[in-house]
Amino acid sequence: MPKITYVSADGDLHVVDVPIGTSVMRGAVGTGIDGIVAECGGNAMCATCHVYVPAEHAASLPEMTAVEDEMLECTVAERRATSRLSCQLRITEGLDGLVVRLPEAQE
Amino acid sequence: MHTTTVPVSQIDPFDETVLADPYPAHRELRDLGAVVWLERYRVWGMARHEQVEAALNDPQTFCSARGVGLSDFHKEKPWRPPSLLLEADPPDHTRARHTITQVLSPVAVRGLREAFTAEASALFDRLAGRTAIDGVRDIAEAFPLTVFPDVVGLPPDGREHLLPYGGLVFNGFGPRNRLFLDALARAEHARDWIAAHCRRENLADGGLGAQIHRTAAAEGYTAADAALLVRSFLSAGVDTTVHGIGNALLCLAENPDQFRVLRADPTQARKAFEETIRYESPVQTFFRTTTRDVDVAGATIPAGEKVLLFLAAANRDPRRWEAADTYDITRKASGHVGFGFGVHACVGQMLARLEGEIVLTELARRAEAIELAGPPKRQLSNTLRGLDSLPLSVAWV
Ligand code: HEM
Ligand code: FES
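Chains as they are written, first to last, in the UniProt record's numbering: chain A, 1 to 107; chain B, 1 to 397.
Incorrect hints may appear among the rest.
[Claimed, not checked] For lysine to any residue, the following SDA-like pairs were computed, each having C-alpha atoms within a straight-line distance of at most 25 Å:
{"id": "1", "chain 1": "B", "residue 1": "K332", "chain 2": "A", "residue 2": "P19"}
{"id": "2", "chain 1": "B", "residue 1": "K332", "chain 2": "A", "residue 2": "E56"}
{"id": "3", "chain 1": "B", "residue 1": "K332", "chain 2": "A", "residue 2": "L72"}
[To be verified] Stretch by stretch, here's where chain A covers chain B in the computed footprint (C-beta under 8 Å, at least three residues):
{"id": "4", "segment": "102-111"}
{"id": "5", "segment": "329-336"}
{"id": "6", "segment": "341-351"}
Calculated directly from the structure, the hints in this document are not laboratory data.
Positions of the beta carbon are idealized from the N, C-alpha and C atoms, including for glycine.
Kindly generate the complete structure, drawing on both the sequences and the hints.
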């Protein structure tokens, strides 16, 4: 199972084995990681699953859809070039070793 | 038609006794199998969370353009022109959806918080001092019926048509039974009023309705199609939130321990509303139609068949939820399918949450306790779960 590392805003590390076909969001929800709220359950409707993906990992990510791009305009924490919605990041073999940083706030 | 391995059920999900208390039927359907054959209507059914979510997430196979009710638009003429959103498939749906999401984005909805809070505050000011209230009329209907038409930009006169129209739309997804015919009779005058108030000239400048007309024109829609997009709002945005808030009040009255949790920390209001949508889902079911032969958990559903997705049953599936039949506002309810899932997931969900959160926050601040003062009266609908009345006695602070 691909390993995903979640780095909280305070710098705490959580490494989670996340099943292929689910999402980076799903890997955090239900494993005690607080920094991802995911209120809409993964429908790109709430912008509370915002993460920053360091540039060196960007190449392994799926392309951003127009919907995700629009929703990223609605995040509570600052949108940066590295911003993504974790519910739109589908887990593939290629994501093994991905590191995502969680913003200070989601709501 | 169907493979022999698929369990057959005689349950009629639109029977009035089942609608009055659907949960035993939901349990039976979930336990029968991942897919069941509903003999009464000769349609397929899914009631487990895993299969319901997967079907919602596969619009190529489980399409909406043939209607999300029992009626197959390929075989029967719809009772009204189909919705460009709800009853459409990608890529047409994608375009309509984009038009609407701009208007209902989280940022746009956040901008409504102050006005909604002021309205809730005024509403509870009026109720204070009255210990006996009807939770449905005085809160669950009163609040959405003010704030929603206000933000859409509807005139003050004629708003009484909104609930009968929604009632017709949601009963219309079921069979042509007594509930549908009654709803049709009640909405006799509502249909013309709604049609007229989807038009730009009857929508106030600056309201969401006028904004939809503007974004729709920019996307190349005709004025008539823009009016249909506004109709989606007026159909889906009122009864659903009324029942969501009414169901929350019932859950809190029936679970005093949960009301105490909320009272102790009113910031739990949003979670309480979310848990209500899971536990007493205002939208209980929607249909899809298969576009190809599809295997689901070993069973083959042929192309061109209606499939009934039991959202409310998925939301109480013990395979997905711990203590599924317990109302627990502190649980992580995210992941329920009460707002749907996938491309058709409720486009108004952030607005609905804001309404629910604000009403329950205000209630938690102002009431020491709420109690049932008599038996609640159910409002039966082919699709919605909600109440006609909810006698409450409230101990105001
Ligand atoms: C608690 C309140 C609400 C509940 C439980 C609810 C539930 C749902 C569900 C289950 C769907 C999915 C339909 C499907 O998959 O076929 C949906 C879609 C939709 N909802 Fe809501 N809804 C609520 C409030 C609202 C509000 C306030 C609005 C309008 C502002 C709204 C507008 C819509 C629209 C337009 C669609 C169709 C979206 C599409 O097909 O892309 N809803 N809703
Ligand atoms: S979970 Fe809501 S946008 Fe990702």
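Would the pair K332 of chain B and P19 of chain A pass a check requiring their Cα atoms to be no farther apart than 25 Å? holds, 20 Å
Mind checking the alpha carbons of K332 of chain B and E56 of chain A for me, to see if they're no more than 25 Å apart? violated, 33 Å
Per the coverage rule (Cβ-Cβ under 8 Å, at least three residues), is the segment 341-351 of chain B covered by chain A? Three-residue rule met by the segment 341-351 of chain B, so holds; n is 7.
When I compare C-beta atoms, does the segment 102-111 of chain B have three or more residues closer than 8 Å to chain A? It holds: at least three residues are needed, and the segment 102-111 of chain B offers 4 whose Cβ sits within less than 8 Å of chain A.
Using a Cβ cutoff of 8 Å, are there at least 3 residues of the segment 329-336 of chain B near chain A, or does the coverage claim fail? holds (count 4)
Next pair to validate is K332 of chain B with L72 of chain A; report whether the Cα-Cα distance is within 25 Å. Measuring from Cα to Cα gives roughly 23 Å; hence the hint holds.
In summary, the structure is inconsistent with hint 2 from the numbered list given earlier, while agreeing with all the others.
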